[in-house]
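J.: Assemble the complex: chain A is given as a structure, and chain B must be docked to it using the hints.
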Amino acid sequence: MTPAQRSAQTPAQTVPTARRSRLTLREIVLVVVLGVVFGFLYWVFVQAWNGLAIAMGPAGDLAQHVLFGSWLLVGPIALAILRRPGVGILAEMLAAIIEVVFLGSPVGPLLVLAAALQGIGSELPFALTRYRRFGWGVFAASGALGAGLVFFWTAYRMGWYGQDLLALRLGVQVLSGIVLGGLAAKVIVRALARTGVLENFAIGAATDSGDGIPERRVH
Amino acid sequence: MSTETGTVPLRGHDGERSPGLVIEATDLEVVLPSGDGVGPWTGSIRAGEQVLLLGPSGSGKSTLLRALAGAIPAHQRGRVTGRLRVGGIDPIAGGVLATSAVVGFLGQDPVDGVCLPEVADDVALPLESRCTPPVQIGGRVHRALVEAGIGALGDRAAATLSGGQLQRAGLAAALVARPRLLLLDEPTAMLDAEGVARVRAGVEQAARTGEVAILLVEHRLDDWAGERGTAGLPPRTIALDAAGRVLADGPTGAVLDRHGAALREAGCWLPRELEERLGGGAAAAGPAAATVDAAPLLRVRRADLGPAGRAVLTGVDLPVHAGQLLAVVGRNGAGKSTLLGALSRLDEPLAGVVEGAAAGLAFQRPEAQFVADTVLGELSASGADAVQVTAMLARLGLLEKRDASPFTLSGGQQRRLSLGATLLTQRPVLLADEPGYGLDRAAQGTVLGLLREAADAGRGVVMTTHDLRMVEAADAVAVIADGRLLGPMPPQELLQDPALLRRAGLLDVPEKAATEHPPEPSGAPLTELRSRGPLSRRNPTVLLALLTALSIVCIALTDPLPLMLLYVLLSAGAMAGCRLGPLRLLRAQLPFAVFASGVLMVNVLSRPGHEPWPDLPIRITEEGMVLGAALALRALVIGLGALIVARAADPRRTMVSLLQHARLPARYAYALLAGRRLLDDLPRRWETITRAHRVRLPLTAEGAVARLRARQLLRCAFSLLVDSVRSADRISFALESRGLGDGERTLWRPVRLTRADALLTLGVALVVAAVLMLS
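These protein sequence lines map, in sequence, to chains A and B. The C-terminal residue of the first sequence carries number 219 in our numbering, and the numbering is unbroken. The C-terminal residue of the second sequence carries number 775 in our numbering, and the numbering is unbroken.
Incorrect hints may have been included.
Stated by the list, open to error - Facing chain B, according to a computed beta carbon distance under 10 Å, are these residues of chain A, among others:
(1) Val33
(2) Gly35
(3) Ala127
(4) Thr129
(5) Ala191
(6) Glu199
(7) Gly204
Unchecked claim - Some but not every residue of chain B turned toward chain A, in silico, with C-beta under 7 Å:
(8) Phe407
(9) Val626
(10) Leu627
(11) Leu672
(12) Leu678
(13) Val722
Derived from the structure by calculation, the hints contain no laboratory data. We treat Cβ as the ideally placed atom computed from N, Cα and C, and that holds for glycine.
Just chain A, same shape as in the assembly (with noise of 0.2 Å):
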């Protein structure tokens, strides 16, 4: 049966839910204005960030750990929204390369490799459960497992090995990771679901109860 004859004779249902092996074009096109939002975001809030880093001297170069976690933050958000396989790690990527190309990186391209690290971070937690589950606890690992394993690698590319500083490095960056890179994520998909904007995608079919459309319209 095509699919024309089938949607002739039985009602069209809602987005399927059933795992699709490729994204479809809207669910790509959210992960890349994600990724470019918070490119700006980052951008504006920064420039109060720079001022404060300039203020603070050598103490800047520890301070990036501080805030380290809001870098994470497109990942388990766009988890969230779309539950799907491989997205945390392809919205870090894809938000890498908006800001190499786009807004130009210090890091250089190699920022691509350390945000396909902070994905797999991020988006590990959530696949062990399945896409499934995403409270709290998920997501404050998703957090510190982003911020974690990137560590390594960055710690190699700045030469933190043989600092004296490398346990209290290590540390900052994972608390930061569960609080501005899990927790956070977290409470602005809360708020953005609140709002009805992620209605169309597979959060809001997953909020509904049931089917979610009524059979007939009610208005």
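T.: Just chain B now, with coordinates in the frame of chain A:
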């Protein structure tokens, strides 16, 4: 055009298709999760037919259009029953991509009209998606732009176009692949009369072939019809009732005659001549016999207004009186918002004075201004007590919605809420930017009622508009034209002066006399490309690959000397290859330098090792200095390399090149380019949102508008996020309706990989190798 649709995957499933029918619907019904919907509709639309879809807000006009375009359920959750064919394709099963082979779509927000950074690329996208040979694309893009009336704008950046120009570019993209059906969803909602006429001319040009069927949803029937009155409307009308059921379908004149009264009752706009025949006056109570008190609440005296150094309006004199409803009219971009900015004290006048208390201001897009999680919180945020808030909720008809998020309200409810919140601030003057735009008759009547009530209660009310009916309902009207403010004058005086109406953008200007909006100076991409030096002509994928390789080399180096050499050579390369002067080069690296010095200091102080000066109170080690210098230089080299690539590789060429040479899938490449277009627009949106939030803060002790604190800035960031997620929906719909999928496609303007790129690669490799060997 049947040869064009030959590449479409889903077609020809039904042999019983009648020739010449573009839309065939049998019992088509759409139910949305909210319980709203449209249908059942059984009917058809023939090739070349033009149809007006009429109905009050909430009757499902847009829902029907989106279903026809394949967006339900593919993009928007909903239950679609019945049978539908558009050009032989089933949009319900096929989705937007399959339906795009036969459908062109234009929505109401000009920002969405063009979704790629350059206009011509956006118009070329549907052709590339259909594998049109690249040699033909340029000509067809140009022809489409000429037919839309913007032939000269092809190589412009979308960010530099006016609203009317963007809508015409969107029309060109919708028509370039010669669809069988053109869907127009309020295409003129945000344009002045001239913009409406230009978009309409483009649509007429397309209709002239007699091949494309057109389905139009439009509130502004008089502006659309122009001077021909009802005869200027599409000859056939399908009317929906408030519940989304088909009320009538037939010749426009007959439908309006028979059902005009019922449609108006339901809240629908009708053509003016019909309204006059039906009688009953304007949508809202007409102007009261306002008695103008002696002392105005707010007064602008001999003021020049505009951003620093560029006066948009000069010599403005305007009193705002208690009890008066004052309309301000003018073309798009004439300076209406500039005036409101001064009256609300967001902006200081460049010269002259603004006397009186700062006015409250309700922005055109209520969503830009929401500060709370609930409707109730939104009203409480204005500082009013619980009794006043509850009374206002009742007055706005939003009692049931008190705990809902303001973002979930309908357009009309959002407008009411934002006006209510502004009214509760108790400021003596209330400003409303385009309070009636996009609303149906009933909702606009409610909004006008609120404004009139405020005036009757002794406040001064100023509203901007490009709607003649709003002007008629005002007590006085001021016209902004050619950098001056004329009036205030009685509305009748303006309405009887066609020349002034034209200058105010309320009447269409004949094409010959029309003054095009002057292009803004920023971002002329093609000329800029040449001035960016020889590296900008190199393949961006090659540049990115070179930078990646260089980064890897740098990370392997722990000796400052070769890094220093690389940094010097790279600086020379930046100056020669990107035409960057030494000063600009240094300034651009300032943030990297700050970071690098931090890295150096931390290493010097925190790395154990040999201490050359053990007597110092702090520990400084040799190992720390050497490695710190290397790490700092590493950051500088990679940062400078990133700077060079970012400057040399323009976004379009980068994405096209990654698509060609790095196998980035087309959907990702164009999604990223659309993201770039959004990024260009974000600073403007951010400014609007932060201004909208600032006017909601209590005034400072000196009566000035307060600054936003960190918490409020986070609120603004959230508003921007919500706005952008909505944009994501529209961008993906636009891209898919331009045929963007995973299938085969052609590339109109490929980026070449040349011998020069090979030479550059070889040269860089040799230089780096030499540096490594020398040191």
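J.: Hints first: check each against the structure and report whether it holds.
T.: Comparing the hints with the structure gives:
no., hint, verdict
1, Val33, "holds (4 Å)"
2, Gly35, "holds (7 Å)"
3, Ala127, "violated (22 Å)"
4, Thr129, "violated (24 Å)"
5, Ala191, "holds (6 Å)"
6, Glu199, "holds (7 Å)"
7, Gly204, "holds (7 Å)"
8, Phe407, "holds (4 Å)"
9, Val626, "violated (11 Å)"
10, Leu627, "holds (6 Å)"
11, Leu672, "holds (6 Å)"
12, Leu678, "holds (5 Å)"
13, Val722, "holds (5 Å)"
The structure is inconsistent with the numbered hints 3, 4, 9, although it conforms to all the rest.
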